[in-house]
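There are 2 protein chains.
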Amino acid sequence: MKKSLGAKALALPSPVWVVGSYSTDGQPNIMVVAWGGICCADPPCVAISVQSTRLTHANISQCNAFTINVPSKDHLLATDFLGIASGKNTDKFLVTGLTPVRSEIVNAPYVKEFPLILECKVRHVIDLGLHTQFIGEIMDVKAEEAVLDHSGWPVTEKVNPILSSACNRSYYALGDCLGKAYSLGLSIVK
Amino acid sequence: MKKSLGAKALALPSPVWVVGSYSTDGQPNIMVVAWGGICCADPPCVAISVQSTRLTHANISQCNAFTINVPSKDHLLATDFLGIASGKNTDKFLVTGLTPVRSEIVNAPYVKEFPLILECKVRHVIDLGLHTQFIGEIMDVKAEEAVLDHSGWPVTEKVNPILSSACNRSYYALGDCLGKAYSLGLSIVK
Chain D
1 MKKSLGAKAL
11 ALPSPVWVVG
21 SYSTDGQPNI
31 MVVAWGGICC
41 ADPPCVAISV
51 QSTRLTHANI
61 SQCNAFTINV
71 PSKDHLLATD
81 FLGIASGKNT
91 DKFLVTGLTP
101 VRSEIVNAPY
111 VKEFPLILEC
121 KVRHVIDLGL
131 HTQFIGEIMD
141 VKAEEAVLDH
151 SGWPVTEKVN
161 PILSSACNRS
171 YYALGDCLGK
181 AYSLGLSIVK
Chain B
191 MKKSLGAKAL
201 ALPSPVWVVG
211 SYSTDGQPNI
221 MVVAWGGICC
231 ADPPCVAISV
241 QSTRLTHANI
251 SQCNAFTINV
261 PSKDHLLATD
271 FLGIASGKNT
281 DKFLVTGLTP
291 VRSEIVNAPY
301 VKEFPLILEC
311 KVRHVIDLGL
321 HTQFIGEIMD
331 VKAEEAVLDH
341 SGWPVTEKVN
351 PILSSACNRS
361 YYALGDCLGK
371 AYSLGLSIVK
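Going down the list, the protein sequences come from chains D and B.
Note that the working numbering has the first sequence beginning at 1, numbered continuously upward.
Note that the working numbering has the second sequence beginning at 191, numbered continuously upward.
Keep in mind that the hints were calculated from the coordinates and are not lab data.
All C-beta atoms, glycine included, are put in the ideal place defined by N, C-alpha and C.
There's no promise every hint is true.
To be verified - Here are the simulated SDA-like pairs of lysine to any residue, each with C-alpha atoms no more than 25 angstroms apart in a straight line: (1) K8(D) / K192(B); (2) K2(D) / G369(B); (3) K348(B) / G319(B); (4) K198(B) / K3(D); (5) K193(B) / R169(D); (6) K278(B) / G319(B); (7) K348(B) / T322(B); (8) K180(D) / S276(B); (9) K3(D) / K192(B); (10) K263(B) / K302(B); (11) K121(D) / H150(D); (12) K88(D) / Y372(B); (13) K158(D) / A85(D); (14) K302(B) / V312(B); (15) K112(D) / D140(D); (16) K198(B) / K88(D); (17) K180(D) / R313(B); (18) K263(B) / V291(B); (19) K263(B) / Q252(B); (20) K370(B) / T322(B); (21) K302(B) / T289(B); (22) K263(B) / V155(D); (23) K348(B) / R169(D); (24) K8(D) / K121(D); (25) K73(D) / G319(B); (26) K180(D) / N358(B); (27) K278(B) / S187(D); (28) K8(D) / S276(B); (29) K192(B) / G26(D); (30) K263(B) / A356(B).
Claimed, not checked - To give a feel for the contact side, a few chain D residues facing chain B, derived at Cβ under 8 angstroms: (31) L5; (32) L12; (33) P13; (34) G36; (35) L55; (36) H57; (37) A58; (38) Q62; (39) C63; (40) K121.
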């Protein structure tokens, strides 16, 4: 039996990503977003949603660029702090001890310590209400060598990303691998 | 040391959601998407990306509505099958044994057996290239009573959603709860 909960932004799971941007005076800033996702394969694009009051909103609007930095579980405390403090009055790199690196491809900084980085140029800006969706074309993906397999491809378990749930506003670890996509379901018709 | 991997749609983790829609002749169809995310709090909106060749693309374009159905880990085999078969030549409800329910709010079917349902009206359609992004306003959320706590709110662990990774095209279970957002990070400045 289904129960109606009303019109709510309630779906799960969500990623936990850190968005890097430069302010108008060139200061690197980072914030955490849970609302985003890959949205196109060709050209490769990713979407993130940011409230208009955020420093990151002004930064991306000015620079037309951002990075997505995927934190590992090891970076959980620093990542959560990025969602509490504002870059308007806090140097979040300084407080967390994370290191900004200037992207050579887009006008945005990325986080040196995080295992997987997407460097994005803004292609679409959609004002949805409380949030603005920025769709970025992924110009390059960079990964820490330590998370790559012998063929140079990132290993999910080594990236060890964090998830979040809008139900209880909590973080979750990645659980067990359940099997390959486009494969498990064949058993239904066998 | 970071290694460049090129321009790829490579970010993780991704949700595993099943999208419900009606075809022009009124047949209910479901497909699986990994590319999507909540994108606005007010009005509550969610985005999904679908290739233009898919039946779901034609269906949503015609009906201006879709549902997002969050499967539990228990529904993994059926969910994966939805990503293998096409609704153009397969009654995916029939083969999987899942049950379509006509939404009373939007012109789309939802999956009776899945624990969490979002009923959406299309507000924006953004042609990105290989994929089209459909942004839906969430008109209602419905949850199975068995996944609700005593206050009527969904429990993340009871919904028990599936994740996917673009790195190895595999499914993952939800892992351990790591703590509350906007709380853990305070320890950094204490």
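We went through each hint and held it up to the structure:
{"no.": "1", "hint": "K8(D) / K192(B)", "verdict": "39 angstroms, violated"}
{"no.": "2", "hint": "K2(D) / G369(B)", "verdict": "28 angstroms, violated"}
{"no.": "3", "hint": "K348(B) / G319(B)", "verdict": "37 angstroms, violated"}
{"no.": "4", "hint": "K198(B) / K3(D)", "verdict": "40 angstroms, violated"}
{"no.": "5", "hint": "K193(B) / R169(D)", "verdict": "33 angstroms, violated"}
{"no.": "6", "hint": "K278(B) / G319(B)", "verdict": "22 angstroms, holds"}
{"no.": "7", "hint": "K348(B) / T322(B)", "verdict": "32 angstroms, violated"}
{"no.": "8", "hint": "K180(D) / S276(B)", "verdict": "19 angstroms, holds"}
{"no.": "9", "hint": "K3(D) / K192(B)", "verdict": "48 angstroms, violated"}
{"no.": "10", "hint": "K263(B) / K302(B)", "verdict": "15 angstroms, holds"}
{"no.": "11", "hint": "K121(D) / H150(D)", "verdict": "30 angstroms, violated"}
{"no.": "12", "hint": "K88(D) / Y372(B)", "verdict": "17 angstroms, holds"}
{"no.": "13", "hint": "K158(D) / A85(D)", "verdict": "28 angstroms, violated"}
{"no.": "14", "hint": "K302(B) / V312(B)", "verdict": "22 angstroms, holds"}
{"no.": "15", "hint": "K112(D) / D140(D)", "verdict": "15 angstroms, holds"}
{"no.": "16", "hint": "K198(B) / K88(D)", "verdict": "32 angstroms, violated"}
{"no.": "17", "hint": "K180(D) / R313(B)", "verdict": "34 angstroms, violated"}
{"no.": "18", "hint": "K263(B) / V291(B)", "verdict": "21 angstroms, holds"}
{"no.": "19", "hint": "K263(B) / Q252(B)", "verdict": "31 angstroms, violated"}
{"no.": "20", "hint": "K370(B) / T322(B)", "verdict": "34 angstroms, violated"}
{"no.": "21", "hint": "K302(B) / T289(B)", "verdict": "5 angstroms, holds"}
{"no.": "22", "hint": "K263(B) / V155(D)", "verdict": "22 angstroms, holds"}
{"no.": "23", "hint": "K348(B) / R169(D)", "verdict": "15 angstroms, holds"}
{"no.": "24", "hint": "K8(D) / K121(D)", "verdict": "30 angstroms, violated"}
{"no.": "25", "hint": "K73(D) / G319(B)", "verdict": "33 angstroms, violated"}
{"no.": "26", "hint": "K180(D) / N358(B)", "verdict": "8 angstroms, holds"}
{"no.": "27", "hint": "K278(B) / S187(D)", "verdict": "20 angstroms, holds"}
{"no.": "28", "hint": "K8(D) / S276(B)", "verdict": "30 angstroms, violated"}
{"no.": "29", "hint": "K192(B) / G26(D)", "verdict": "23 angstroms, holds"}
{"no.": "30", "hint": "K263(B) / A356(B)", "verdict": "18 angstroms, holds"}
{"no.": "31", "hint": "L5", "verdict": "4 angstroms, holds"}
{"no.": "32", "hint": "L12", "verdict": "5 angstroms, holds"}
{"no.": "33", "hint": "P13", "verdict": "5 angstroms, holds"}
{"no.": "34", "hint": "G36", "verdict": "5 angstroms, holds"}
{"no.": "35", "hint": "L55", "verdict": "17 angstroms, violated"}
{"no.": "36", "hint": "H57", "verdict": "13 angstroms, violated"}
{"no.": "37", "hint": "A58", "verdict": "18 angstroms, violated"}
{"no.": "38", "hint": "Q62", "verdict": "21 angstroms, violated"}
{"no.": "39", "hint": "C63", "verdict": "19 angstroms, violated"}
{"no.": "40", "hint": "K121", "verdict": "10 angstroms, violated"}
Of the numbered hints listed earlier, those contradicted by the structure are 1, 2, 3, 4, 5, 7, 9, 11, 13, 16, 17, 19, 20, 24, 25, 28, 35, 36, 37, 38, 39, 40.
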